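Colleague: The lines below spell out each chain.
There are 2 protein chains.
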Amino acid sequence: MRLTFSTEHQRLDGDVLERPFTLALGDEEPPVPGILWTPAGTGSPTAPEPTAPAPLILLGHPPLGLDRMYPRLVERARQAAADGFAAAALELPGSGGRPPLPGADRARAELRRAVEAGEPVADETVDALVLPLVDRAVPELRAALDALLALPGIGGPVGYSGGVISIGVRLAAVEPRLAAAVLFAGSFVPRAIAEEARRVSVPLHVLLQWDDEGNDRRASLDLFDAFGSKEKTLHANMGGHTGVPPYAAEAAARFFVRHLR
Amino acid sequence: MRLTFSTEHQRLDGDVLERPFTLALGDEEPPVPGILWTPAGTGSPTAPEPTAPAPLILLGHPPLGLDRMYPRLVERARQAAADGFAAAALELPGSGGRPPLPGADRARAELRRAVEAGEPVADETVDALVLPLVDRAVPELRAALDALLALPGIGGPVGYSGGVISIGVRLAAVEPRLAAAVLFAGSFVPRAIAEEARRVSVPLHVLLQWDDEGNDRRASLDLFDAFGSKEKTLHANMGGHTGVPPYAAEAAARFFVRHLR
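So the protein lines, in turn, are chains A and B.
My numbering numbers the first residue of the first sequence as 3 and each following residue consecutively.
My numbering numbers the first residue of the second sequence as 3 and each following residue consecutively.
What the hints contain is simulated information worked out from the structure, not anything from laboratory work.
Remember, predicted model here, so these are calculated numbers, not experimental data.
Check before you lean on any hint, since a few could be wrong.
Short derived list, chain B residues pointing at chain A, Cβ under 10 Å [claimed, not checked]: (1) L210; (2) L223; (3) F226; (4) D227; (5) S231; (6) K234; (7) T235; (8) G241; (9) Y249; (10) A250; (11) F257; (12) R260; (13) L262; (14) R263.
Restraint ranges, calculated between C-beta atoms of paired labels, are given here [claimed, not checked]: (15) B/A54 / A/A119: 54 to 64 Å; (16) B/E121 / A/E252: 50 to 60 Å; (17) B/E121 / A/E215: 34 to 44 Å; (18) B/G120 / A/R220: 20 to 30 Å; (19) A/E252 / B/S8: 39 to 49 Å; (20) B/S203 / A/L66: 29 to 39 Å; (21) B/E197 / A/A152: 28 to 38 Å; (22) B/D224 / A/G98: 34 to 44 Å.
Some residues of chain B that are not near chain A, with every Cβ distance over 10 Å (derived) [as the list claims (entries may be wrong)]: (23) R4; (24) S8; (25) P22; (26) L27; (27) A54; (28) R100; (29) R114; (30) P192; (31) A221; (32) M240.
The C-beta atom is built at its ideal place from N, Cα and C for all residues, glycine as well.
Make a model of the complete structure from these sequences and hints.
Modeller: And the structure:
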């Protein structure tokens with residue numbers, strides 16, 4: 003079995019079951035850590051008894067490590083569970099305890115330098131930082147979907163939410179089981195990914211922090227324009243990169259209720 | 003009394019009271035027609051008995067005449083009433099049975115010609131179409147506020163919603179009783195109005211139809227950027243000028259619930 007649950011699990015308020023797992027990728031790399039949250043009524047650790055299989059939301063997150071992102075992930079998982087959805091997060095390539103991605107540190111330092119100097123960020127820097135991450139993360143997320151959707155209690159449709167927008171763009175373009183995505187426009191996007199955006203056709207809900215000083219707002223608006231989806235919504239708010247207002251998160255939750263139930 | 007209710011009134015579903023009125027402006031012009039909607043529990047035509055005074059939303063609308071806009075206005079008034087708010091709409095200068103505004107027809111024809119020819123619309127055209135309307139409409143709306151807020155059953159806070167965005171911008175900049183505004187970015191904005199936007203400080207919720215072919219989207223985004231408000235949100239959707247999705251209207255309604263209750 004590719005997906006192995008930890009013996010540790012816990013029940014959160016509201017009867018949400020939280021189960022850490024590891025996903026074997028079938029190569030020489032160690033299995034990838036992840037967490038699965040399931041709402042009440044979709045199974046227990048000892049006797050998974052599906053009532054109605056829950057739709058699944060893949061929770062994207064910045065490449066800062068699952069442990070560090072846990073508080074924000076569990077809050078999002080709680081919202082998903084309250085709406086009747088399962089949620090899962092996977093450790094990103096190069097994050098947590100995983101081996102760093104080649105060239106990533108150098109590219110990140112160069113991006114930071116350029117942003118702080120008020121200079122444009124070179125395409126090569128964005129490509130070097132983002133493309134290796136996307137190239138590895140998307141197949142891993144698809145393998146996670148294979149394993150998670152095979153579990154009793156978890157079915158489609160599938161949503162993707164947040165994290166590194168380029169990962170979400172490619173996943174939405176290539177993964178037919180993805181029915182809807184909430185994307186957070188807060189990171190630089192390689193030109194190749196902006197081109198892939200034209201092939202995205204599923205309903206999209208894009209969050210943009212208008213006064214996010216580390217973001218290229220013009221590029222974010224161009225990316226929104228590029229998405230091929232007939233149904234797409236942009237919600238722009240103030241509050242800086244991490245200051246997404248509560249009502250914005252609620253609107254994103256309602257988007258998933260419209261599209262995943 | 004400046005505000006005179008018609009003898010005709012009707013109760014809509016949900017016990018919403020609809021009362022046409024006229025507002026005397028104290029000059030040689032005939033009184034201006036308007037409509038007031040009040041939720042259940044805030045008064046009757048024969049014996050206005052305020053329980054808790056309801057907040058008031060001024061419903062802006064395009065300059066097409068109250069009669070023609072009635073179906074859309076009553077739908078918005080119903081939503082307001084369901085949330086416990088009174089709502090009122092006033093006939094715009096130059097619309098309905100009111101004398102046309104000087105230069106408006108010529109400016110409108112020129113704007114249409116330029117848009118259809120794919121040419122930029124000249125500043126002079128936008129100014130000629132919009133500024134006379136704003137100059138007259140804003141004082142009339144403020145006079146309407148004076149009269150409506152004096153009624154038992156109607157109190158503050160006051161919201162403004164929709165219609166010609168330039169009217170909303172100036173009203174938000176000059177009217178201290180205005181607590182929050184939902185603005186629809188679908189019409190050309192004179193440069194002078196875009197400057198006034200910097201003085202707006204109340205919470206704003208801006209709706210933009212991303213694929214509205216008759217609109218200058220870049221100018222709409224620049225206007226959003228110019229607003230001085232610390233709390234402002236932009237919701238952009240697809241669907242053309244008149245295709246605002248239902249969930250977008252619901253989000254605007256929730257904005258008023260957050261700010262007017």
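Colleague: The structure should be examined with respect to each hint, and the outcome stated for every one.
Modeller: For each hint, the structure was consulted:
The interface hint given for B/L210 is met, as the beta carbon of that residue sits about 8 Å from the closest beta carbon of chain A, less than 10 Å. The interface hint given for B/L223 is met, as the beta carbon of that residue sits about 7 Å from the closest beta carbon of chain A, less than 10 Å. Nearest Cβ of chain A to the Cβ of B/F226: about 7 Å, under the 10 Å cut. The hint holds. A distance limit of 10 Å between C-beta atoms decides the matter here; for B/D227 the minimum to chain A is near 7 Å, and the interface restraint holds.
Taking 10 Å as the C-beta cut-off, the interface hint given for B/S231 holds, the closest approach to chain A being about 8 Å. At its closest, the beta carbon of B/K234 sits 6 Å from a beta carbon of chain A; the interface hint therefore holds under the 10 Å criterion. Contact between B/T235 and chain A, as hinted, is supported at the beta carbon level, the nearest pair being about 5 Å apart and thus within 10 Å. Given hint, B/G241 at the interface with chain A, holds; its Cβ is 9 Å from that chain's nearest Cβ, closer than 10 Å.
Below 10 Å, beta-carbon pairs count as interface contacts, and B/Y249 has one with chain A at about 7 Å; its hint therefore holds. At its closest, the beta carbon of B/A250 sits 8 Å from a beta carbon of chain A; the interface hint therefore holds under the 10 Å criterion. Satisfaction of the interface hint for B/F257 is found here, the shortest Cβ-Cβ separation to chain A being roughly 8 Å, below the 10 Å cut-off. With its C-beta approaching chain A no nearer than about 7 Å, B/R260 sits inside the 10 Å limit, and its interface hint holds.
Nearest Cβ of chain A to the Cβ of B/L262: about 14 Å, over the 10 Å cut. The hint is violated. Restraint check, B/R263 versus chain A: the minimum CB separation of about 14 Å is more than 10 Å; hint violated. One distance hint, 54 to 64 Å for the beta-carbon pair B/A54 and A/A119, holds here, with the actual separation near 56 Å. Roughly 42 Å separates the CB atoms of B/E121 and A/E252, a value that falls outside the hinted 50 to 60 Å.
Checking the proposed 34 to 44 Å range against B/E121 and A/E215 shows it holds: the Cβ atoms sit about 36 Å from each other. Take B/G120 and A/R220: their Cβ atoms lie about 23 Å apart, and the range 20 to 30 Å holds. The supplied range of 39 to 49 Å is met by A/E252 and B/S8, whose beta-carbon atoms lie about 41 Å from each other. Remark: the range hint 29 to 39 Å for B/S203 to A/L66 is upheld by a beta-carbon distance near 35 Å.
Roughly 60 Å separates the CB atoms of B/E197 and A/A152, a value that falls outside the hinted 28 to 38 Å. Range check, B/D224 to A/G98: about 42 Å between beta-carbon atoms, so the 34 to 44 Å window is met. Non-interface status of B/R4 relative to chain A is upheld: no Cβ of that chain comes within 10 Å, the nearest being about 38 Å off. Distance check on B/S8: its Cβ is at least 38 Å (rounded) from any Cβ of chain A, clearing the 10 Å threshold; non-interface status holds.
Distance check on B/P22: its Cβ is at least 35 Å (rounded) from any Cβ of chain A, clearing the 10 Å threshold; non-interface status holds. At the 10 Å boundary, the C-beta of B/L27 stays outside the reach of chain A, the nearest C-beta of that chain being 38 Å off. The beta carbon of B/A54 is kept farther than 10 Å from every beta carbon of chain A, the shortest such distance being approximately 24 Å. Distance to chain A confirms B/R100 as a non-interface residue, since its nearest Cβ pair spans about 37 Å, more than 10 Å.
Every CB of chain A lies more than 10 Å from the CB of B/R114, the least distance being 25 Å, so the non-interface label holds. In this structure B/P192 is separated from chain A by more than 10 Å, as the shortest Cβ-Cβ distance comes to about 23 Å. Distance check for B/A221 against chain A: the nearest CB is about 13 Å away, which clears 10 Å, and the non-interface claim stands. Interface exclusion of B/M240 from chain A breaks down, the closest Cβ pair being 6 Å apart, not more than 10 Å.
Of the numbered hints stated above, those contradicted by the structure are hints 13, 14, 16, 21 and 32, listed in ascending order.
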